[in-house]
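Engineer: The residues making up each chain are set out below.
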Amino acid sequence: MPVIAVPRPKSVVDPNRPANALLMTQVQHLQHAERRLPLRYRSEIYIHAIKTEGEAAEYIREVTEAIHRAHADAEKKRAKAKKGLQLAAAAARPARKTSKKKAKKTKSRRK
Amino acid sequence: MPLGLDNLKHIVVLMMENRSFDHMLGSLAAVDQRIDGITNQVSNPDTAGNTVKAQPLAEFQGQLDPDPDHHFPAVDLQIFGGNTSPDRVANMKGFVKSYFNQRRDVKHSQMIMYYFAQAQLPVLTTLALEFAVFNRWFASIPGPTTCNRAFAHYGTSFGRVDLNPFEIMAPIKSIYSRMIAATPRRTAKIYYYDTSSSTVEVVNLLQHQPELFGTYRQFLSDCDKGLLPDYSFVEPNYSDHLTDVGAEVASDQHPDHDVQAGELFIAEVYMHIKRSPLWPNTALLVVYDEHGGIHDHVVPPPAPCSDIFTASASSTGTGVEFKFDRLGVRVPAILISPWIPRNTVVDRVFDHASIPATVQKFFLGDDPQRSPREINADVFLESTTGPVDPQRNLLSLSTVRDDCPEFDL
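Sequence lines, in order, name chains L and H.
The opening residue of the first sequence carries number 4 in the numbering used here; numbering runs sequentially from there.
The opening residue of the second sequence carries number 696 in the numbering used here; numbering runs sequentially from there.
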């Protein structure tokens, strides 16, 4: 089968093209998600001023990355807390003492 | 067990934006009569009383501006021609009238009937002729993007027929959640183009399960390394934007984005899978989320059943409630695998609920905790857990093809 040539698009990238309804919807959905993020992750972009694809893309990037960052930070915090709990539990656990009788029993079971 | 299904380990779905079957693949009726595309009979009336025939005059960009209306009421007009009586019959005669409503320009409204000549779309038309093209794949809802894409992820839109966020209602889960919760655990990922393009499924999946997502670059790398998950869903680039490394052109083919950029994108996805060690183990579905207000001549059939959700009369915008009992307008859909015979044409009815239905049945088996629409949707890959009906199995070859097309990237 011969190799089929794929024509390169002639259009130039135009971030100033007015954003379509899908992009504006995506922006609104991301704002919905952004409102649920802690304040330190929120963007400073005023979404009602977004008119172009480039502006929409900038907001979409900021909030998408913020969502990933917020989850990654929460995961780190969870892991740290879990490690802390394990260390605390290990420190609090009394050293095990095995009685001579019990040790003998275990030994005989092994046989 | 047919060897193709036996070897199948990965399903990849690439969902493009807003083009109808006739607009993209209608020209192929002239090449293969089994493909239900454009004939001389296909036409719509315009608002001046002229008959407007479908013509191969579509351009890659600049023609469909403004973006043709594809909200629920506009699609209702497109399908029923403006007839709102209770006993109306769908006739697909309202596309030109609907587009006229946006610019009040008769000549411009006729462009909604334009389709691409075969030579203009070498990637999509070659893939359609070389693998399996679906004559009857419909959008799940006669409406816009968000609710239609919801069907691809959940098998329902939870009662929505618009672009508003929806809430997931138990016990229904996304196909990704089902996969990663399965025993043995399965893998699933949504690859968006980059963080500036992101995903359309923000409010539920990105917000709550960002670990499900990767970028398109990661997808290409996963292909090359043979590390694709069991199920991958790929989203194109939704916008022209600048990044730290350069400029990115929208590849989603949403009007008025450049259709050739989408052709290149589809070719790149295909070629990376084809050159990957996973090629004999992968099936790629290329499908469009909805018709984007662009003409198609096939009347959407009733859905296999109603959904458990109903869109109220006020939310449809037509004054009539919708029980999700009719499919949306027909869209292009092509299934690609080296186990599919050349020139396969599929006449069975599918919609986007078929996507989670197929992934579920293939990887996980049956599950009653799904939407009725998904449970009743047809599957495009047969399950390997029971006997396989040879009439339904599309991956039917006994050896891997070595004559699959190559695109020059």
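It is worth saying that the hints were derived from the structure and are not from the lab.
Careful: at least some of the hints might be erroneous.
Restricting the straight-line Cα-Cα distance to at most 16 Å, the calculated cross-link-like pairs of lysine to aspartate or glutamate (EDC-like) are [stated by the list, open to error]:
id, chain 1, residue 1, chain 2, residue 2
1, H, Lys792, H, Glu754
2, H, Lys792, H, Asp741
3, H, Lys969, H, Glu906
4, H, Lys802, H, Asp760
5, L, Lys13, H, Glu754
6, L, Lys79, H, Glu906
Restraint-style ranges between C-beta atoms, simulated for each label pair [to be verified]:
id, chain 1, residue 1, chain 2, residue 2, range
7, H, Met696, L, Gln89, 41 to 51 Å
8, H, Asp939, L, Asn19, 13 to 23 Å
9, L, Lys80, H, Met696, 44 to 54 Å
Ideal Cβ placement from N, Cα and C applies to all residues, glycine included.
Engineer: Each hint should be assessed against the structure and marked as holding or not.
Structural biologist: Hint check:
1. Lys792/H x Glu754/H: 21 Å, violated
2. Lys792/H x Asp741/H: 6 Å, holds
3. Lys969/H x Glu906/H: With Cα atoms ~27 Å apart, Lys969/H and Glu906/H exceed 16 Å; violated.
4. Lys802/H x Asp760/H: Holds. Lys802/H to Asp760/H sits at ~13 Å (cutoff 16 Å).
5. Lys13/L x Glu754/H: Holds: Lys13/L and Glu754/H sit about 12 Å apart, inside 16 Å.
6. Lys79/L x Glu906/H: 14 Å, holds
7. Met696/H x Gln89/L: 41 to 51 Å: Holds: the Cβ-Cβ distance is about 47 Å, inside 41 to 51 Å.
8. Asp939/H x Asn19/L: 13 to 23 Å: 19 Å, holds
9. Lys80/L x Met696/H: 44 to 54 Å: Holds, since Lys80/L and Met696/H (Cβ atoms, about 48 Å apart) stay within the stated range.
Going down the numbered hints, you'll see the structure goes against 1, 3, while the others check out.
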